[in-house]
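Using the sequences provided together with the hints, build the complete structure.
Residues per chain are reported as follows:
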Amino acid sequence: MMIPKKTMKLLGPVAAACLSMAAAMPASAEDKIVLKDGRVLTGEIVREIDGFLWFRVNNVDPAQFFSTDDIKTIERDTDSAKPAPVTPTAATPSANATTLTPISTPAASAPVTEPVKSVGPGAPKAVVITLGENNRDMVGMYMTAHSLREAIPVLKKDGVDIVVFRINSGGGALLEIQRLSDVIHNEYKKEFRVVAWIESAISAAAMTAHCIEEIYFTPEGNYGACTGWFGALTAVSGRDLESVYAMMEKISARGGYAPEIMKAMQHTDYQLSCSIDANGDVHWEVGDGAQFVVNPKERILTFDSQEALRYKFSKGTAETLAELEKAMGLTEVEWVGERRKGFMWPIHRAEQMQMDYRAQVAKDESQSQEYFFQYNACVQLAQGEQEKTKRGAFVGRARRNLDLIKGMVDNAPNLALFVVGVLPEQFYDWYNDQQELLREIMR
Amino acid sequence: MMVNSQKNAKMKGLGLFAGLVFGVAGLCLPAAALSADLDQVTFRDGKVVTGEILEETPTEVKMRVVIAGIEAITTYQRSEIISISHDSVPSADGAAATGSTGLGSAGLVDIKSSTSPAVARDPNIKTVYFIELEGIFGQDISQTPIRDAVKDAQKYQPDYLVVVMNNRWDEGMEGGLAENEIADDITGEFDQLFKAEDIEPIFTREIRVDWDKQPKVVFWVKQAMGGAAFLPFISDTIYMSSDSRIGGVGNVDQMFDGVGDEVVREKQRSLRMGHARGMAIQGGHDTRIIKAMTQMHFVLSYRMEGGKPVFLERMPQNSTEFLLTDDGVNERGDGMAERARNLGNDVLTIKPDVGVKIGVAKAIVDTEEELFAALGISRNHEVIKGRGNTILTAWRDGLKAQPRSLQRILQDFQEVQVQGDFSERSKARSAKIRKLRDYLALAQKYEEAAPPETWGLPGTQWARVQITLLELEQMADRR
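Line by line, the protein sequences give chains A and B.
At position 344 of the first sequence (counting the first as 1) the number is 346 in my numbering, and the numbers step up by one without a gap.
At position 415 of the second sequence (counting the first as 1) the number is 417 in my numbering, and the numbers step up by one without a gap.
Honestly, the hints are just simulated from the structure, not real lab data.
From a predicted model like this one, the values you see are computed outputs, not experimental measurements.
We put the beta carbon where it would ideally sit given N, CA and C, even for glycine.
One or more of the hints may lead you astray.
No more than 20 Å apart at the CA atoms, straight line, and that leaves these computed lysine-lysine pairs for PhoX-like [stated by the list, open to error]:
1) K74(A) - K38(A)
2) K365(A) - K447(B)
3) K215(B) - K343(A)
What follows is a list of derived Cβ distance ranges for each label pair [said to hold, decoys possible]:
4) K158(A) - G378(B): 53 to 61 Å
5) G378(B) - E340(A): 39 to 47 Å
6) D242(A) - D329(B): 30 to 38 Å
7) D184(A) - D238(B): 41 to 49 Å
8) Q256(B) - Q428(A): 41 to 49 Å
Okay, structure coming up:
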């Protein structure tokens with residue numbers, strides 16, 4: 003969804019007037035943290051979970067991570083003239099900045115009290131992180147490099163050794179694939195043993211997982227169908243297609259996969275066959291000349307779990323955590339997190355972050371039009387209102403919705419593009435302009 | 003909404019009595035003994051009321067409560083309720099059972115529950131819980147009521163969970179005559195697979211994770227056409243009745259014909275087949291059966307070896323081999339005579355005899371007795387009479403009543419006029435907002451099966467925008 007043209011038109015002259023003022027304006031938030039090393043930082047608390055902070059120093063991206071060990075004190079912005087910080091819930095924010103608590107609890111019932119099974123001191127620590135879930139699975143919206151990157155400090159803090167990405171996604175935005183691959187390959191793999199456990203990885207989701215050397219499937223798992231398209235099933239073609247091929251050749255190399263496999267998933271031009279030699283090594287080729295025809299002509303390849311195992315694309319098939327442990331060759335492992343009814347694996351904070359993130363994105367996605375509608379309506383009503391108290395009420399409501407809009411993009415920057423139709427930088431310019439407009443209305 | 007008629011008569015009597023009692027101030031009477039566990043209703047303001055739900059409609063919940071020993075019948079607006087838990091509070095004589103079911107469950111207190119979960123059983127007696135999936139797949143047969151029914155089953159820890167699949171597949175679904183069954187060759191419902199995928203985890207992952215004792219999940223197919231065809235494949239134990247069929251999903255090759263580029267169409271087909279094959283693998287079935295059911299170009303035959311089928315991806319070459327599906331090309335295409343008689347073989351519609359031969363079905367059974375015999379529990383079984391089928395029936399009935407109920411609410415909303423003095427205008431707006439919240443609650447309840455747009459009615463976003471407009475109007479109003 004675009005920023006409504008009426009709003010842009012309405013605000014145009016005001017916005018232009020404000021731009022020159024914007025640079026001179028103080029930072030939009032003035033939270034302050036005092037670190038144990040003596041540093042005093044001002045800026046904005048972007049996110050806070052269990053005492054860990056993501057803090058935008060001097061209100062400049064990217065937000066930096068600080069753990070409870072680093073922080074001495076936190077002073078939150080209490081200036082009542084400024085808009086209250088974004089809170090993820092629909093509750094009215096108070097003038098005093100409040101903690102950005104986890105947005106929602108998962109649908110499962112209350113946590114069980116049984117402790118996580120303890121293992122020997124040397125056992126590696128493993129965590130399951132879900133990438134996508136039913137109806138919340140779009141790559142670039144619910145599965146993002148941004149949300150994955152934020153989880154790394156939390157994982158490191160808990161001494162996690164193994165990260166299992168449980169993938170359940172029908173694909174999404176081409177633009178996010180390289181980012182996801184980079185964060186997994188350049189950042190996750192440096193710190194952890196990284197494993198993909200495929201429930202469904204279609205299109206961009208498969209292209210994301212393709213940089214991971216160690217892939218397992220659930221019995222119902224599927225992986226492939228990576229043809230790029232847009233609009234009314236129009237295929238990506240020409241130079242754009244070659245760029246995607248080139249990108250995936252590199253990503254295939256990251257995962258140690260023959261580039262022909264991904265090509266057969268992308269285009270019907272690539273019939274795929276393979277031979278398995280006496281050593282059990284698989285040799286792939288385009289065409290039908292090898293021992294097994296994996297993908298017939300004029301078809302697009304999607305692996306099921308049996309095919310993936312047969313052709314040694316996957317390292318194994320696992321329905322449960324116990325089966326996965328066995329397939330991964332783990333004689334002992336500690337699955338870190340909180341055991342909860344309804345979940346197959348313990349929920350680690352990093353996983354809770356993904357769940358919270360997706361829940362918030364889902365809420366914002368479904369309500370974004372209402373946020374804009376309310377904001378625009380309140381601005382118009384405020385501008386026409388002579389009585390200051392009422393005008394303040396409309397401005398207050400406008401501000402709340404503006405903060406919800408900003409919070410939506412703070413949480414998931416790609417929403418600026420998918421929902422609003424602008425790049426994130428343009429969005430924040432627009433946001434600052436709206437802040438100024440609201441102040442003007444109140445004068 | 004359906005109320006057990008026998009119970010209703012009893013409740014009406016009690017209600018009248020309770021009304022009389024409630025009117026006499028200061029008179030304390032012992033509360034009527036409740037033989038069933040109590041229901042609990044939680045309100046938006048945090049209040050929690052425990053009692054016995056007598057009746058539920060799309061907009062109201064009627065309960066019998068006991069206060070200081072005095073019985074009273076009281077009605078609550080659904081728009082004020084955030085959750086309803088059935089049988090979740092122990093009565094004087096029984097143990098508590100389920101957790102919250104939100105607003106989605108029909109909820110009737112079955113005073114005559116025949117099996118208490120707490121009763122210890124002879125381990126040699128195998129308990130069987132039936133869940134009957136009837137109606138239109140994706141609407142009547144949908145994940146919320148199925149999940150609630152399975153949760154009810156969980157209380158009893160049955161040895162067998164028998165899912166009876168008997169979805170509607172007739173012209174009445176599309177406005178024609180209900181007595182006209184849709185022929186096998188009308189195969190346009192492959193994408194209902196994704197609805198099957200919404201339901202599948204209830205019987206697989208959720209049972210595996212949530213149940214202490216794992217039941218054997220059995221599918222008894224009386225009709226599984228369209229997306230319903232995929233669901234039985236998640237189980238390795240399928241029985242078919244003698245007039246049953248599994249199919250109606252043979253249109254993958256034609257999907258998106260004429261739209262966009264062929265390579266993208268092929269991608270769409272490929273990903274769907276990946277999902278479909280996955281469901282078959284989960285139940286231990288051969289994926290080639292799914293291909294034969296869904297892809298016209300796929301040729302499949304079989305022969306029997308040692309009592310087991312051996313599949314061949316080609317036409318039969320001798321009399322010991324039997325054709326399941328050909329490629330439907332030229333002279334091999336099904337003619338009108340075959341199609342009209344459900345004898346076509348361009349795609350596979352599994353009939354009972356073939357189902358048994360190719361290993362999809364264990365046996366053909368037409369009655370519960372035959373099923374128990376097939377399961378080897380003829381002499382040592384007990385059927386549990388839980389509330390699962392009541393829940394499913396209530397969902398169906400509620401869904402059927404939904405368009406009328408939504409229209410009634412809309413009419414009530416429109417009839418409220420905002421006029422008069424400030425106080426009257428404020429009250430009118432509040433009344434309109436309440437109606438919109440009722441509309442939202444009902445629309446959201448059945449949104450997974452039939453959003454309001456299905457009936458040509460405004461959707462939930464419209465209702466939320468209307469609420470906003472009224473709130474802003476109120477803010478702008480003056481005395």
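Structure-based check of each hint:
Under the criterion of a C-alpha separation no larger than 20 Å, the hint pairing K74(A) with K38(A) is consistent with the structure, at around 5 Å. Proposed proximity of K365(A) and K447(B) is supported: the alpha carbons are some 17 Å apart, at most 20 Å. Between the alpha carbons of K215(B) and K343(A) the distance comes to roughly 15 Å, so the proposed pair stays at or under 20 Å and holds. K158(A) and G378(B) have their C-beta atoms about 55 Å apart, which keeps the hinted 53 to 61 Å range intact.
In this structure the hint that G378(B) and E340(A) lie 39 to 47 Å apart at CB holds, the actual value being about 42 Å. Taking the beta carbon of each, D242(A) and D329(B) are about 35 Å apart, inside 30 to 38 Å as hinted. Hint check: D184(A) to D238(B), Cβ distance near 42 Å, so the stated range 41 to 49 Å holds. Q256(B) and Q428(A) have their C-beta atoms about 43 Å apart, which keeps the hinted 41 to 49 Å range intact.
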